[in-house]
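Visitor: These protein sequences, in sequence, are chains H and B. Residues in the first sequence are numbered from 1 upward in steps of one, following the UniProt record's numbering. Residues in the second sequence are numbered from 1 upward in steps of one, following the UniProt record's numbering.
One or more hints might be untrue.
To be verified - Within a straight-line C-alpha distance of at most 27 Å, the following computed DSS-like cross-link-like pairs (lysine-lysine) qualify:
1) H:Lys355 <-> H:Lys410
2) H:Lys251 <-> B:Lys238
3) H:Lys251 <-> H:Lys216
4) H:Lys440 <-> H:Lys355
5) H:Lys251 <-> B:Lys211
6) H:Lys283 <-> H:Lys251
These aren't lab readings, by the way, just hints derived from the structure by calculation. All values derive from a computational prediction rather than experimental measurement.
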Amino acid sequence: MSADLSGWGRYPRIEGRRIPVRDEDGLRAAMADGPVIARGNGRSYGDAAAQVGGTLDMRRMNRMLDFDADTGVLTAEAGVILGDVIAAFLPRGWFPPVTPGTKLVTLGGMIAADVHGKNHRRDGTIGRHVLWVEVMGADGELRRASRSENSDLFAATIGGMGLTGVILRCALQLAPVQTGWIRQEMIPTPDLDAAMEVFERDAAQYAVAWFDCLAKGADLGRSLVILGDHAEPSDLPANRRPVPFDVPVRKARRVPLDAPGFALNKYTLRAFNALYYRVNAGKAGRSVVDWDSYFYPLDAVHEWNRIYGRRGFAQYQVVLPLEASRDGLRTLLDVIAAAEQGSFLAVLKRLGPEKGQFSFPMEGYTLALDFPVSPAALRLLDRLDAITLDHGGRYYLAKDSRVPAEVLHKADPRAGEFARARQAAGYAGVFASAQSERLKL
Amino acid sequence: MSQVMILGGRSDMALACAHAFAGAGHDIVLAARRSETLGPEKADIELRYGVTVGLRDFDALDVDGHEDFAAADPLPDIVICAVGRMGEQDADQDDVAASVAVMRSNYEGPAAILGAYATRMEARGTGTIVGISSVAGDRGRATNYIYGSAKAGFTAFLSGMRNRLTGTGVHVVTVKPGFVATQMTEHMDLPERLTAQPAEVGAAILKAVDKGQNVIYVRGVWRLIMGIIRSIPEAIFKKMSI
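Please construct the entire structure, taking both the sequences and the accompanying hints into account.
Guide: Written out as structure tokens, the structure is:
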């Protein structure tokens, strides 16, 4: 049976065989006929979790197995959804130590992509908080890997994009919190320098900037920097202090249909971005917001990926080393603003140093923007690649759907090492995604 | 805390019911063959919802053991029967033993155990009995009439039991899920709009129990579809391939 295996960006469109996995024996059987890749909830943007010949649907392997209320260590199967972890454990005072911008991801997917959040500088990637993983290897053996046991497999699997084996279970250290609220400070910054200055203060656990990628000239890099820290009960209004984990339920909306292509053009985008900046700049200052609105604003709009229309969209996310960030970001933003085909919202974050063997982050700034797919947009992204390479930047594979293999390998020498290690270990013929084939990993 | 007994507790639909009722604060008992292998499900539901989950061995075809099974304390507040087996119509129609196994799994076993619970709940004067039947029981079709006929029998049994128990404090809910994306249907290419996720079935059953509904179709469109299928004259229906 052929299934839609496209990623969240719905570009490229991929159809192929979807194999639901329910247990270890079923997994072994699925691995017997040709290369496979595990897929969680399909939130990677491109072709990372798709293999035409066999894509392992891990969503039925979604049981929580153990929780230690003293230490906050959760043991769970890889298909457990992050939002379910929050629903179960936030009321008991525990929150994910690292979260991406959606809670609709699986734990296995988070580990495979070694995701980061707005707190990377303080808390690193999710991998830092994983105590162990259980991985089904190319030989059909299930191995537990941690920093002390099968440590090479552990290091290669965190951020290994599912290409070292199938993650079946994991133990994750949750972080203690006192409330379900975030103390937020919104700081409008008129340009890129001002935004970076706020980031460099390192004044809060969480920091992210939404910026207007269509603003030009003196407004280039006009941003809203949003800082956040977990609130304490004393930060809450008196009526909420006795129930610090209760937050109002958000009403979800759904994008009912694919937006027609003409709905997105430089005029509507510029108007939207300018309006977004102005409205939110008006809300500048401190406030206390619930965790769901703070971390997952887009989750409230189901299928928001449809606003980019049927042709889908590509997200461009790169990180530039700290010393090259200012110049590199300015050059990228100049080209993007001039091309006038950026997205509704673009995101800038400051990352800290990262030791993960093949993980995305490095100390510097990461930029992420969505582009509705069109021939012109893809040409623009090729131009951005040249700038990224010039400045020593590298790519986030969880978002990638179109980087040419030679660009990736030039940007990230670790990719070649990773590919050679996969060959040597005998993984390459057993685990492969459309992305790994495209990128020669 | 009220207790929900789920018979045939290993299936996707049964587990979806367990999640839905546990989410509403009910304790759960999962009854199935080799129930000790449901340890991960027990841990999962207990961790997610902070309720207690019990496991009991239960074989729907062992009807001699049903009286004893239903007599065990405590008598649950709600019993949900998710026992069932689709079989393979093409192969089973030429194989008496296989046909009988499908009939017994979908009618004899489920009806017998719910009958045993009905008597005890009637004596207590409270309770809800939920039978998961099927739209396949609404009219026999060439492609699945062995399964369908047994479900038709089960639907009639539930209807009669509801009639008997009205006024006693015991309510009976008949569930006709339509297509559901479960392990049982994984190999089939089902139309998306007509196919419910197991979680939808769980939520629909929870709501039906809360509101005291009698017969529910999980996706409303199935009521319409089966209404049409039932209304086709037999002279025409017998020539159709649906």
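Visitor: State for each hint whether it applies.
Guide: Now the hints, each set against the structure:
1. Between the alpha carbons of lysine 355 of chain H and lysine 410 of chain H the distance comes to roughly 20 Å, so the proposed pair stays at or under 27 Å and holds.
2. With a C-alpha separation of about 48 Å, the suggested pairing of lysine 251 of chain H with lysine 238 of chain B is violated against the 27 Å cut-off.
3. The suggested pairing of lysine 251 of chain H with lysine 216 of chain H is violated, with an alpha-carbon distance near 36 Å, which exceeds 27 Å.
4. For the proposed pair lysine 440 of chain H and lysine 355 of chain H, the alpha carbon gap of about 23 Å is at most 27 Å, so the pair holds.
5. Annotation: proposed proximity of lysine 251 of chain H to lysine 211 of chain B holds, straight-line Cα distance about 24 Å (limit 27 Å).
6. At roughly 21 Å between alpha-carbon atoms, lysine 283 of chain H and lysine 251 of chain H fall within 27 Å of each other, so this suggested pair holds.
The structure does not agree with the numbered hints 2 and 3 stated previously, though it agrees with the rest.
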